[in-house]
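Novice: Letter by letter, the chains look like this.
2 protein chains.
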Amino acid sequence: MSLLVVGSVGIDTIETPFGRVTDVLGGSSTYIAIAASYFVTPIKLVGVVGGDFPKEYFDFLESRDIDLEGLQVIKSGKTFRWGGRYLYDLNTRDTLFTDLNVFEHFNPVIPESYRKTTYVCLGNIDPVLQRRVLEQIERPRLVVGDTMNFWIKGKNAELRETLKLMDVLVINEAEARQLTNEPNLIKAARTIMMLGPRVVIIKKGEHGALLVTESTIFVAPAYPLENINDPTGAGDAFAGGFIGWIAKMDDFSDESLKRAVIHGSTLASFCVERFSLERFKDLTYLEILDRFREFRELSKFDEAITV
Amino acid sequence: MSLLVVGSVGIDTIETPFGRVTDVLGGSSTYIAIAASYFVTPIKLVGVVGGDFPKEYFDFLESRDIDLEGLQVIKSGKTFRWGGRYLYDLNTRDTLFTDLNVFEHFNPVIPESYRKTTYVCLGNIDPVLQRRVLEQIERPRLVVGDTMNFWIKGKNAELRETLKLMDVLVINEAEARQLTNEPNLIKAARTIMMLGPRVVIIKKGEHGALLVTESTIFVAPAYPLENINDPTGAGDAFAGGFIGWIAKMDDFSDESLKRAVIHGSTLASFCVERFSLERFKDLTYLEILDRFREFRELSKFDEAITV
Numbered sequence: 001m002s003l004l005v006v007g008s009v010g011i012d013t014i015e016t017p018f019g020r021v022t023d024v025l026g027g028s029s030t031y032i033a034i035a036a037s038y039f040v041t042p043i044k045l046v047g048v049v050g051g052d053f054p055k056e057y058f059d060f061l062e063s064r065d066i067d068l069e070g071l072q073v074i075k076s077g078k079t080f081r082w083g084g085r086y087l088y089d090l091n092t093r094d095t096l097f098t099d100l101n102v103f104e105h106f107n108p109v110i111p112e113s114y115r116k117t118t119y120v121c122l123g124n125i126d127p128v129l130q131r132r133v134l135e136q137i138e139r140p141r142l143v144v145g146d147t148m149n150f151w152i153k154g155k156n157a158e159l160r161e162t163l164k165l166m167d168v169l170v171i172n173e174a175e176a177r178q179l180t181n182e183p184n185l186i187k188a189a190r191t192i193m194m195l196g197p198r199v200v201i202i203k204k205g206e207h208g209a210l211l212v213t214e215s216t217i218f219v220a221p222a223y224p225l226e227n228i229n230d231p232t233g234a235g236d237a238f239a240g241g242f243i244g245w246i247a248k249m250d251d252f253s254d255e256s257l258k259r260a261v262i263h264g265s266t267l268a269s270f271c272v273e274r275f276s277l278e279r280f281k282d283l284t285y286l287e288i289l290d291r292f293r294e295f296r297e298l299s300k301f302d303e304a305i306t307v
Numbered sequence: 001m002s003l004l005v006v007g008s009v010g011i012d013t014i015e016t017p018f019g020r021v022t023d024v025l026g027g028s029s030t031y032i033a034i035a036a037s038y039f040v041t042p043i044k045l046v047g048v049v050g051g052d053f054p055k056e057y058f059d060f061l062e063s064r065d066i067d068l069e070g071l072q073v074i075k076s077g078k079t080f081r082w083g084g085r086y087l088y089d090l091n092t093r094d095t096l097f098t099d100l101n102v103f104e105h106f107n108p109v110i111p112e113s114y115r116k117t118t119y120v121c122l123g124n125i126d127p128v129l130q131r132r133v134l135e136q137i138e139r140p141r142l143v144v145g146d147t148m149n150f151w152i153k154g155k156n157a158e159l160r161e162t163l164k165l166m167d168v169l170v171i172n173e174a175e176a177r178q179l180t181n182e183p184n185l186i187k188a189a190r191t192i193m194m195l196g197p198r199v200v201i202i203k204k205g206e207h208g209a210l211l212v213t214e215s216t217i218f219v220a221p222a223y224p225l226e227n228i229n230d231p232t233g234a235g236d237a238f239a240g241g242f243i244g245w246i247a248k249m250d251d252f253s254d255e256s257l258k259r260a261v262i263h264g265s266t267l268a269s270f271c272v273e274r275f276s277l278e279r280f281k282d283l284t285y286l287e288i289l290d291r292f293r294e295f296r297e298l299s300k301f302d303e304a305i306t307v
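Chains as they are written, first to last, in this note's numbering: chain C, 1 to 307; chain Y, 1 to 307.
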């Protein structure tokens, strides 16, 4: 099966209580594509960078078998840059700067060779652009999308139009509440399902994830990491692991969706171990399988024979 | 096996977005004892009330086979009263009033018939009083305790002394972080284990609970309730379900502790369905067994045959 990923490609500066890195590879589509590349290749990437995008980052993406035909390079422009600082508990972050640069006028153009893609993952970009991507693809089998508070507030009507075209919405806890005005997460998920997506996955960071479909509710734990260096991209790595697994298996039954959520959680847990995408430089599929199995042990319990 | 529970017994006034109740039964030991009473009886209750404590509340406690010999009644005094208001998302609450009344000079005296108790649950009271209870009991097999921000801040040294005597600490997420100055919950649990308890259970409210022992980590989901009326006492009902199960089975292996955490979660999930302790007026053991099984389905997933 084939997977197309659209989203930002950026250069990040990140500060956490455990260190600081400058000009590292970032962006939602980057994290999604690299996480998904462990399950299905090549990944068709759609995005935009400037003439300053380092050769080593192109090389790294290609080393993960990511097809860059859809990555526009605007030689005269600069790549999207973002700077953020995480506070002591890693749950709160301050944005230090956002320089949209070439991303400001991004117009996703889907190459001819990408148009028959079966699976699509819409990273967190303007919902109008997300829709424009879908309009260029011939009936995909499954569309997974993400969004954020900025669009929920600033482009609510447009987002609602795009939601109608999504099969699966992957959204974080605070944003699910914001989108629906509903504090109870199960009710929030059910409200979102009335807006279009038939599957809702709520990412809860250190508390794991919640999958809600018409016929099931599944609670996935987070992996109990003692050393988290950088939470950047964890949500995107989750989405990538999720859609990568679904695309690999070509099965979206409830049971398969549950496994996909655990694969998403697995990729997210590796992502945060090091800064930027560093962990993916040596992460192997065998390590992913091992951690998937560890996830089973984490939440498994048996019934006792009661007296 | 026998179980002794000590803590507050009170009369509550509670406001939530879903209603308001005045002068209802409350208190940490009440919730613990009633939840535990589904697994082991009689429960030996230690606490204090005033002459105003309604007969119907005595009757309700006795109907759950709770032994009230250790419940001091100070005829000339008034029962501890607490008022609280929960905000829109039920995660934040304002205390409207706290009238300690007879609870201010509470001195737990353990009746002779209670002294050979095998299991002890120390509800959230002054750590000095928790220790005074333990001093009057002949070598219990397992001591479970709770505490709160008020004691972590105001009686830190005393709390640390009492922690040395606890086998299991049941504590909420924010308080685990506060006690240890450690934002990472797994590290916080390990730090607490160096203070005395060999088992730490971190309650995460709507996100479930985390069990950490020397040899295991277990992540328990919360039951995905769509209608929560009143979160009061959920943490105490959790502790009661937990210790009740342990006392029933007389087994504190890792596997038994995991099941006990799920039983705690089960009792907490019933507790919040109605105001005060109302849900326990008709809750049956069969309903508990059914929900325990539902918990298994919530977090269960299988490995797929990968290609």
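Don't take each hint at face value.
[As the list claims (entries may be wrong)] Partner residues aside, some chain C positions facing chain Y, computed with beta carbon under 7 Å: (1) Y86; (2) L87; (3) K187; (4) P221; (5) I288; (6) R291; (7) E294.
[To be verified] Negatives, chain Y to chain C, calculated, CB over 12 Å: (8) V24; (9) D59; (10) L185; (11) R259.
[Said to hold, decoys possible] Example chain C residues on the side facing chain Y (calculated, C-beta under 7 Å, incomplete): (12) F97; (13) D99; (14) R259; (15) I262; (16) L298.
No lab work stands behind these hints, which were simulated from the structure alone.
Just so it is clear, CB atoms sit at the ideal spot from N, CA and C, and this is done for glycine as well.
Novice: Would you pick out the hints that fail for this structure and give their numbers low to high?
Specialist: Of the numbered hints given earlier, those the structure breaks are 1, 2, 5, 6, 7, 10, 11, 12 and 13, listed in rising order.
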